[in-house]
Amino acid sequence: MDRRKVDVVLSTVIIIASLIILTYDNFVEGGAESDLGSMTLPRVVAALMIFFSGSIGIQSLKKLYNNAEIESAELIITNGFSGIFIYIGIFVAYWLAVPYIGFLVATPFVMFAIAILLGGRNWLPISAVSILVPVLVFFGSREFLRVYLPTWTLS
Amino acid sequence: MIDNILSGFSAILAVGPILGIIAGVVIGIIFGAIPGISAIMAIAIILPMTFYVDPIVGITMLLAVYKAGIYGGSISAILINTPGAAASFLTALDGHALTKAGKAGKALDISLFSSVSGEMLATMVLILVAAPISAISLQAGPIEKVFLLLFAFTVIGTLAGESIPRGLLSCCLGMLFAMVGMSTITGASRFTFGSTELMGGFTFTPMLIGILVMPEVLNVIRRRKVPHHELAITRSPNPADNRISFAEFRSVFRTILKSSGIGTFIGALPGLGSSTAAFIAYGEGKRTSKKPEEYGKGSVEGIAAAESANNAVCGSSMIPMLTLSIPGDDVAALLMGAFLIHGLTPGPMIFFEHTETIYAIFAGFLITDLFLLVIAKAGFSFFVKIASLRRYYIFPCVTVFAFAGAFTAGQNINDILVLIAFTVMGYGMRLVGLNPAVFIVGFILTPFFEQNLDQAFAIVGSDYHLMFASPFSWVFIALSVFFVFSSIKVRKKSAAKAKAEQQAKQEPLCNQTS
Chain A
1 MDRRKVDVVL
11 STVIIIASLI
21 ILTYDNFVEG
31 GAESDLGSMT
41 LPRVVAALMI
51 FFSGSIGIQS
61 LKKLYNNAEI
71 ESAELIITNG
81 FSGIFIYIGI
91 FVAYWLAVPY
101 IGFLVATPFV
111 MFAIAILLGG
121 RNWLPISAVS
131 ILVPVLVFFG
141 SREFLRVYLP
151 TWTLS
Chain B
1 MIDNILSGFS
11 AILAVGPILG
21 IIAGVVIGII
31 FGAIPGISAI
41 MAIAIILPMT
51 FYVDPIVGIT
61 MLLAVYKAGI
71 YGGSISAILI
81 NTPGAAASFL
91 TALDGHALTK
101 AGKAGKALDI
111 SLFSSVSGEM
121 LATMVLILVA
131 APISAISLQA
141 GPIEKVFLLL
151 FAFTVIGTLA
161 GESIPRGLLS
171 CCLGMLFAMV
181 GMSTITGASR
191 FTFGSTELMG
201 GFTFTPMLIG
211 ILVMPEVLNV
221 IRRRKVPHHE
231 LAITRSPNPA
241 DNRISFAEFR
251 SVFRTILKSS
261 GIGTFIGALP
271 GLGSSTAAFI
281 AYGEGKRTSK
291 KPEEYGKGSV
301 EGIAAAESAN
311 NAVCGSSMIP
321 MLTLSIPGDD
331 VAALLMGAFL
341 IHGLTPGPMI
351 FFEHTETIYA
361 IFAGFLITDL
371 FLLVIAKAGF
381 SFFVKIASLR
391 RYYIFPCVTV
401 FAFAGAFTAG
411 QNINDILVLI
421 AFTVMGYGMR
431 LVGLNPAVFI
441 VGFILTPFFE
451 QNLDQAFAIV
461 GSDYHLMFAS
471 PFSWVFIALS
481 VFFVFSSIKV
491 RKKSAAKAKA
501 EQQAKQEPLC
511 NQTS
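Here the protein sequences line up with chains A and B, keeping their order. Position 68, counted from 1, in the first sequence is what UniProt numbering calls 68; the numbers after and before it change by one each time, with no gaps. Position 223, counted from 1, in the second sequence is what UniProt numbering calls 223; the numbers after and before it change by one each time, with no gaps.
What the hints contain is simulated information worked out from the structure, not anything from laboratory work. Backbone N, C-alpha and C fix where the C-beta goes; we use that ideal spot for every residue, glycine too. Among the clues, some could well be false.
[What the hints assert, rightly or not] If the Cβ cut is set under 7 Å, some of the chain B residues that face chain A in the computed set are:
hint, residue
1, Arg222
2, Thr408
3, Leu453
[To be verified] Listed next, the stretches of chain B that the computed footprint assigns to chain A, with coverage defined by at least 3 CB atoms under 8 Å from CB atoms of chain A:
hint, stretch
4, 49-63
5, 162-171
6, 341-348
7, 383-396
8, 410-418
9, 482-493
Taking the hints into account, I'd like the entire structure generated from these sequences.
As C-alpha cells, this is what we get:
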C-alpha cells in the first residue's frame with residue numbers, strides 16, 4: 001500500500017479535527033478561571049497539528065502528483081494483515097467475555113487461539129501452557145499483588 | 001552526599017530489594033534476548049506488578065529490567081543476527097561474524113563485560129552529578145521551566161521521529177491526549193464528551209502497554225509465517241575461542257572507557273538515545289583503532305565500543321529526568337511514569353523530598369550491574385534456551401500479561417478497551433511513520449508544561465515580553481532552533497548519501513543489462 005495516499009487522508013482528518021478544536025467552544029465544561037484558560041493549550045497544539053500534518057500531507061500530495069518513485073519507507077506492507085484483524089477480534093471477544101465467564105475460564109481459550117494463529121500445532125504443550133499460565137497469573141495477582149482478576153458471574 | 005550514598009546502600013541491602021533486583025535481571029535478560037521483545041516492552045509489562053510494592057523495590061526492579069534488557073538484546077544480535085533494538089545493530093555486525101567463526105562465547109563475554117563496565121561508569125556519573133545539577137535547576141522558575149520543556153518537546157520530536165514534521169506531530173498528538181479529562185489547574189473537563197469515564201483522563205498503564213508493547217505483538221503476528229530461528233551457542237574446540245582472556249579485555253579497556261564516556265554524554269542529552277551513542281562510539285573506536293579493517297568482520301573491539309556506549313546511556317538518560325523532569329529517551333519517559341505512579345515526582349525536588357529513596361535507587365542501580373555480571377555469566381545457556389522458545393508459547397503469554405497489567409492499574413475492565421484502542425492506534429502510528437515513544441513523552445510532560453505555563457502567565461500578567469526577560473529563555477530558544485536546523489541538515493545529508501549509494505548500486509546493473 002502506498003503510504004503517501006494514507007498520509008494525505010490522515011492529514012486531512014487531523015486538519016479537520018484540529019479546526020474543530022480551534023473553533024468549537026463546547027469541548028470544555030465548567031472549571032475555575034485561570035490566567036491561561038482551559039482551552040488555550042489545546043488550541044495552540046491544534047494549530048501546530050494543522051501545520052505539521054499540513055506539511056506531511058502537502059509533501060505526499062506533491063510526490064503523488066509528480067509520480068515520484070516510491071521509497072521503501074513509503075510502502076506499507078500489508079501481507080499478514082488478516083492475522084492482525086483476527087488477533088484484534090480475539091482480544092475484543094476476550095474483553096467482552098471476561099466479565100461474564102471470568103479470567104480463569106476465558107484466558108486458556110484465548111491463549112490457545114493465539115497460539116494456533118501463530119502456527120502452533122504442538123497441542124499438548126500448548127494446552128498445558130494455556131492452562132498453567134492463567135492459573136499462575138490469577139493466583140499470583142491475588143496473593144502477591146492483592147489484585148482480584150474477574151471471576152465467573154453466570155449463575 | 002557520602003552519607004546519603006551509604007544510607008542508600010543500607011536501604012538497598014535488604015531481602016526485598018535484592019530479590020527485586022535478581023527478578024528484574026532475570027526477566028530483563030530473558031525478555032531482551034527474545035527477538036521481537038525489547039527492554040521497553042519488558043518494563044511496560046512488568047510495571048503493573050510493581051504498583052503494590054515499596055518504591056525502592058519496585059523502581060530498582062524496573063531499572064534492573066531496563067539494564068538487563070538492553071544487555072539481553074545483544075544475545076539475539078550475536079547468536080542469530082537479530083538485534084532486538086537498533087542500538088544492537090553494530091553488535092550484531094561483529095558479534096554474529098564471531099559466532100559464524102565458532103567464537104560465540106568470546107562475543108557474548110566481551111558484550112557482557114563491556115555492557116557492565118559502560119553501565120557502571122554511567123551510574124557513577126549519575127550519582128555524582130545528579131544532585132549538584134538539581135541544586136542548580138532548583139533556581140529555575142516557571143518561566144524557565146516552560147522554555148526548558150519546550151526545548152525538550154522540540155529536541156525529542158525533532159530527533160526521534162522518522163522526519164521532523166512526523167516527530168513533532170507525534171508529540172502534539174501525545175499532548176492532545178494528555179489534555180483529555182479534568183484540568184488540574186481549572187478543574188474544567190475537557191474533551192470528555194459527557195462521559196464520566198473520561199473525567200480522569202486515559203489510564204496511563206493500559207495506554208502505555210497499548211502504544212508501546214502490543215504493536216510489537218501485532219508485528220510478530222503479521223510476520224507469523226517467517227521461519228523461527230533457534231538461538232544456539234556455537235562452541236569451538238579451542239577453549240580460548242569460548243571466552244575472553246584478561247589480556248584481551250585489557251587491550252580493549254581504553255575503547256570501553258572512551259565509548260562509555262561517549263555513551264554517558266549522549267545519554268544525558270535529551271532525545272538522542274542509545275543507537276546514536278553506539279554509532280558514534282563505534283565510529284570513533286574504528287577511527288582510532290590499530291585494526292580498523294577488522295570492524296564489521298568480527299572485531300572484539302567493535303563489540304566493546306558499541307555495547308559499552310549503548311549501555312552507558314541507561315544510567316545517564318536518568319540525569320535529565322531526575323534533575324530537570326525531562327526524560328532523555330523513550331525508556332526514561334516510561335520510567336518517569338513509573339516514578340510518578342510510585343508517588344515520586346522526578347525533578348530537582350526529588351533529592352530533597354525523597355533523599356533516602358533516591359539514593360537507595362542509585363545504590364540499587366549500581367548493585368544491579370554486579371548481579372547482571374554474575375547472573376548473565378552463570379546462566380548463558382539457560383537464558384539462550386528460554387529465549388529460544390517458539391513464538392506461539394511466548395506471545396500468548398505476553399497477551400495475557402498485557403491484559404492482566406492493564407486491568408491491574410485501576411481494576412477496571414474498561415481499561416482493557418483503552419488497551420485495545422491504543423494498540424490499534426500504536427500500530428497505525430508505526431505504519432504511517434509516527435513515533436509512539438515521542439507520543440508518550442508528549443503525554444507525560446504536558447501536565448507539567450501546562451502547570452508551569454499557567455504559573456508563568458500569572459507571574460507576567462499582561463506584560464508578555466517578560467517571558468523573554470530571562471537569559472535562560474533565550475538559551476533554550478537558541479538551543480531548540482539549533483537542534484531543529486542541525487537535524488534538518490543531517491537528514492538532508494544522509495538522504496543525499498543514500499540516494500548516491502542507490503545510484504551507485506543501480507549503475508553496474510544497467511551496465512550489465514546493456
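We went through each hint and held it up to the structure:
1. At its closest, the beta carbon of Arg222 of chain B sits 4 Å from a beta carbon of chain A; the interface hint therefore holds under the 7 Å criterion.
2. Satisfaction of the interface hint for Thr408 of chain B is found here, the shortest Cβ-Cβ separation to chain A being roughly 5 Å, below the 7 Å cut-off.
3. Taking 7 Å as the C-beta cut-off, the interface hint given for Leu453 of chain B holds, the closest approach to chain A being about 6 Å.
4. Here the stretch 49-63 of chain B counts 3 residues with a CB under 8 Å from a CB of chain A, which clears the bar of 3, and the coverage holds.
5. Only when three residues or more bring their CB closer than 8 Å to a CB of chain A does the claim for the stretch 162-171 of chain B stand; here the count is 6, and the claim holds.
6. Figure legend: the stretch 341-348 of chain B, annotated as covered by chain A; annotation inconsistent (0 residues with Cβ-Cβ distances under 8 Å, at least 3 required).
7. With 6 residues having a Cβ less than 8 Å from any Cβ of chain A, the stretch 383-396 of chain B passes the three-residue criterion, so the hint holds.
8. Counting residues of the stretch 410-418 of chain B whose C-beta lies closer than 8 Å to any C-beta of chain A gives 4; at least three are required, and the coverage claim holds.
9. Counting residues of the stretch 482-493 of chain B whose C-beta sits closer than 8 Å to any C-beta of chain A gives 0, which falls short of three, so the coverage hint is violated.
The structure fails to meet hints 6 and 9 from the earlier list, while all remaining hints are met.
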